[in-house]
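Please build the complex by placing chain B on the supplied structure of chain A, with the hints as guidance.
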Amino acid sequence: VTTSPRVIIGVPLYNHAHKLPEALDSLLGQVYSDIGVMLVDDASPDDTAGICERYAARDPRVRFHRNDQRLGMIDNWRAAFERAYQQWPQAEYFAWGSDHDLWHPWWLSHLVKELDEHPEAVLAYPLNRRVDADCKLLPRKPWLFDTAGETEIRRRFSRNVRGMSAGNMIYGLFRTAIILRVGVFRHVLVPDRLVLAEAAAYGEFRQVPRILWFRRWYGRIFSLGRQRVSFFPHGRPLYAYVPWWISHAASLAITFGVRGTGVPEISRGRGWWLAWSYFWTAGLLHAWQQLRELRVQLLERASTLRPHDRRLRLLARGIVRRLDSDWMIQQARKAVSSKRREKAASSVKRRVRYGVATVVRTPGTWLLRSMRAVPIVRNRVIPWLIRQDLDTIPTGPVVSEMRTTLRALQKSRSPIIVGPWLSEVGFELLYWIPFLNWAIEEHELDRDRIVAVSRGGPASWYSGIASQYVDIFDHYTIEEYRARNEDRWQEVGNQKQYDAGTFDREILTRVQEQLGLTAARNLHPSVMYRLLRFYWYEKAPVGLLTKHTRYSALPSPGATPAELSLPTDYVAARFYFRPSFPDTPENRRFAADVVRRLSREYPVVLLNPGLHLDDHEDLDVSTGLGVHKIDRWMTPATNLDLQSRIISGAKAFVGTYGGLSYLGPYYRVPTLTFYSTSEELVPAHLDITWRLCRAMQSSLVMLKTADAPLVHSALDGIAPMPSTATGTHA
Amino acid sequence: MTADVWTAAGLRSRLESLRESAGFRAYQQVRDRVLQMVEAEAGRPPGVQTPSEYWSEELENFDYLLDASPLVVDKLRHHTYHVTGLRVYDYRSNNTATQRHFSRKLSALRKKDTAGLFVPEWPELGGFGFNIDGRLVNLDTLKFYEVLIALDHGAVLDEFRRTDERKIVWEIGAGWGGFPYQFKTICPNVTYVIADFPELFLYSGTYLTAAFPQARVRWFGDVPAERTFERWQDFDFILIPNTAAREVIRPPRLDLTINMVSFQEMTSAQVAEYAAIAHDAQCPFLYSLNRERSGYNTELEESVSQILERYYWLREIEILHVSYQKMLEDEPTPTDYRHLIGWRRQPA
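So the sequence lines, in the order shown, correspond to chains A and B.
By this note's numbering, the letter at position 726 of the first sequence is numbered 726, and the numbering carries on one by one without gaps.
Just remember that this note's numbering sits 1000 ahead of the position in the second sequence, which is counted from 1.
Keep in mind the hints are simulated off the structure, nothing from the lab.
Just so you know, nobody snuck in bad clues.
Derived PhoX-like pairs (lysine-lysine); straight-line CA-CA distance at most 25 Å:
#: 1; chain 1: B; residue 1: 1326; chain 2: B; residue 2: 1111
#: 2; chain 1: A; residue 1: 136; chain 2: A; residue 2: 19
#: 3; chain 1: A; residue 1: 547; chain 2: A; residue 2: 496
#: 4; chain 1: B; residue 1: 1167; chain 2: A; residue 2: 113
#: 5; chain 1: A; residue 1: 704; chain 2: A; residue 2: 651
#: 6; chain 1: A; residue 1: 141; chain 2: B; residue 2: 1112
#: 7; chain 1: A; residue 1: 19; chain 2: A; residue 2: 141
#: 8; chain 1: A; residue 1: 539; chain 2: A; residue 2: 496
#: 9; chain 1: B; residue 1: 1326; chain 2: A; residue 2: 136
#: 10; chain 1: B; residue 1: 1326; chain 2: B; residue 2: 1112
#: 11; chain 1: A; residue 1: 651; chain 2: A; residue 2: 629
#: 12; chain 1: A; residue 1: 547; chain 2: A; residue 2: 411
#: 13; chain 1: A; residue 1: 136; chain 2: A; residue 2: 547
#: 14; chain 1: A; residue 1: 136; chain 2: B; residue 2: 1112
#: 15; chain 1: B; residue 1: 1111; chain 2: A; residue 2: 136
#: 16; chain 1: A; residue 1: 141; chain 2: A; residue 2: 547
#: 17; chain 1: A; residue 1: 19; chain 2: A; residue 2: 547
#: 18; chain 1: A; residue 1: 141; chain 2: B; residue 2: 1111
Only a predicted model underlies this, so the values are computations on that prediction, with no experimental measurement involved.
With the rest of the complex left out, here is chain B:
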């Protein structure tokens, strides 16, 4: 925090300089795209992917971001608690006991990592976390690190890291964009497709375009829907609304489908639909980090793995004895998150 912001002149000067920042410029472009996308989506008849009540409420909670000041955008990560639940307050530097837990977990993960996969929190746009060995680490950082290790242990990641041929990855619900940031850092030669509620692109779109200013981004609507994947190799990110996934994602190619912590919140039909889209697109791998069923989700009639099993052979990868949201001192429970890597079944 700079002191001069607390004076009228200082505030003016700071706002002016931030208006010219890469982050705010990215935000302005993204906001326009999001508004276009939301308007287009409003005309779409309700279908399988229509947001649940839970998500409708969540989306309303951060509508203030449609009119965010440069100061808010400069601290965008502080506002991502609507998606992740992580708050800057919990990562104050005097919280040494918690920091010790984080350090221990990070070093446990490092022992499992034989491929150098750690990507710390990006310090810009309000990036926060405990300062461990000069790098910012928060629960999301550890979670994504663990996911990368799981993908590596499952013999998936190597294909995307060491490849001459460009690969295409689809993440269902990328939240604030933290995992695409890590994945793209580790595996630059991929086109990363994000299907999400358009409103959430205010976070992920801004974050990713600010973090990768040279990235080529295709927005849904730039070209007719069926041509969204045309010359996909030329793009770093393709952002599409979740409702358009079936329309846009088609064979011949998809190399990896990822979902973290949202299948468990969906209805059975939604999970099955996403798995079917990946399967129809010949995607050889589907990765899932989910509980079998979220405690309060009554619309998921079967467990996540039961649904995915219909399309993919699931293999569990164990990284630590506790799931991502717990520290090493905690006890595992049967309802914990599981790293599942699905290998595509042949169509029956």
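Just chain A, same shape as in the assembly:
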């Protein structure tokens, strides 16, 4: 004869195998061990059943059942309770578990004690903290609510309807008898609210003031539409479209008013009152929530509404203040002060400045475009003006615009062309590809629909993002490309693709023709550029970037071609000039010295392509013994592919900081880079480089050329990298 545990836990499961063992271990690891756990798998396609079988086999407290076909969330929750109750009908307390949350080892000890000590309570639940997918605590204070000490049924019921947060309470510990009386989940939307509303009529809810439950938080994913899909997997009945507070009120009226289930504690008349009260309170609450949501959405989309919203709120605050007798005295004092006049003058000045800026903007933009070729205008004036401009633009509308674009892509069924990428390699690696990773994951874009367009053959960089890759050099010669790209700079005013120009559009047309695509949609780099410029120009925190990017290792580009006959172990090197490593005799000498020194220890493969594709000029380091040049194998259409293959197979990468050097961390190849002018480095890029290395668990060392002697003095005698150069690639 098996004795019944005091506490039973019903765990409805669906498709969370990856988090299930952690969740189950926390349930079975309770210090209060007099428990029975019923696992009910709703025909998950993943390994949920296998995991449950293993747990049931090794722990006699665990029972497992798998539904023959998917029942949906409501019926599975019902099954979890019913099967647990059938198995252990004597159990006093019941709780629902889940396949992804975590329970503190003392969770049950405290909840059982709370219900034992308070027979008037029907439900006990703890404080909880939200944790992310990796179990990191999220910065939100625990939610507080209970009805302890409220003995009057109507007041307790109303307070509960107004203050409840069903998601935080439904995983509490119930008296089993109460669950039996309220009938588990009914087939309505937001059924947990209904269960809690009914339970509130029978007794108090008590919150234990300790953090004992860790709720996995995947962001605000709640929606009625989503509930309809998960509750009714075999088709949505018409009543699923009835507003939830109406169906809840009707259910309460039938349960308490017609059937009289609550008698004797709740008379039929009181039952009707509870249903009526629920209808109004919950209906008003719902309307209020909808209004708040609408307001947030409106403000997110239309920045012009913000001042009106602010005025309205100030007006409301003013009305409240007027009720205060001191307000009149304060106003009188303000009237005689000069602050008002100063404020008015500053407002006029601001308006005049704005008016002048508006008038000057268009001719000024044309003037700047025509003077773009002048280095000081390109390198100093235009970035300064962009920074000034950014000061006046809040990020909210840009984020909203970007999300609208991505949502439109998500909803459409057309092919999506991402690109064409015409800017620098560095931005492509550091921002564009991580941004695409994020956009695809966040908006669940189907990779089979995506075509990536770039130049120089980096197909492997996009192989995790797109199903097809088209290279611009398949359509243009290098001379055509260079000329057209120069024209694009002139046209849009910047090398960065803040806007799509004629050249971009022409490439898109050619790609569509080549692939026979009709009505393809475009995700242009300008979406990313316009968003992230706030971060680059230090007008937004790094969170803007981390929230909209995902850094992950690049897929392997494959082995180096055999005809290159490269050594087995080699160091890849590429030096070129850029503002942080300008063309000076010292830098030329330095680069040549580095290559020479390296080549004494290891074979060095120089990656310089011998092609002039952007504004960076290659440095031709003279070759010698142990230095391999591969420029003769480089073509415009393959140079990035070949360089990727060589870097991914290298023992280390050494060269100028920026651009291609970010490939090292992506392929987990130790990377040593140089610069000579700190002022030309952008701190935002350095920060992201460091974050990239951390994410890839790799390293990229940046060294100022002037500091090289110090490093040499400090590290002279350190054992070099082991070399096993014995042969060549087959």
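Leaving out everything else, chain B in the frame of chain A:
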């Protein structure tokens, strides 16, 4: 420092008064216990927990404490540099630049502390540190404070602070006893078990029995080994040699296992053995503040977290952007110490 100690009569008088001090009396009792324990340990065959070469050398460095004068015991904390590396010299009052760093770090930690967990350095037995707001603060003080905050953020500490039911905590290697002192101050209703090299009880045993003169202490060997945990609720501290951990620590109960900065110095087998003991004793939480591997430790074949992961689900708690031994102005590195809180896995 009192001036009269520098005269023969003054020295005699000071020694006499210190001989009667609580600290020296505690030391004398502890020394006898330690000698008994070391002798008993000498008969034990070498096993997994036998000290490494590193520790054998360290233990020899402070054998002079077996014959410490009352003056030495009165400044016991000055001699704990054998364990912590902290020296009084670095905390002179004219070292204002460093003191500013400490102040800033302390106030950063205070901002993270929502439960009032700060315990300053105990000023007796040579307690030292920068005087910040009238309290002594050194690197150990900040380290232990940070650990308490991490335990609090990880929802562990509350169980030990607000409890009617006595709880039992096991620290693997408590060093000079600084963390047990802080923990016991914050959570009085716990029995604190320390497993360590017996020689180190010269520090921790003396320090704790002097700091908590009313504490009830059970020494390994007072009763047969298998009965060491009998009526554990009646004791404040239970001190056992590290080699006896497997023998002594058994189910049904252990509530928290702690290790700071020593898993990283052990061999893989030693780390695994300690984790397995905690796991077998149903200990729900294991806290670790360690690097993944100490730079010079070649005997740790896997990283600390890889070994612990076999027994516990590990969750990292971040308190400050730098690890405990650094100041706020320093940069974090991938090899920094990590606050890890392990939740027990169910046995496979």
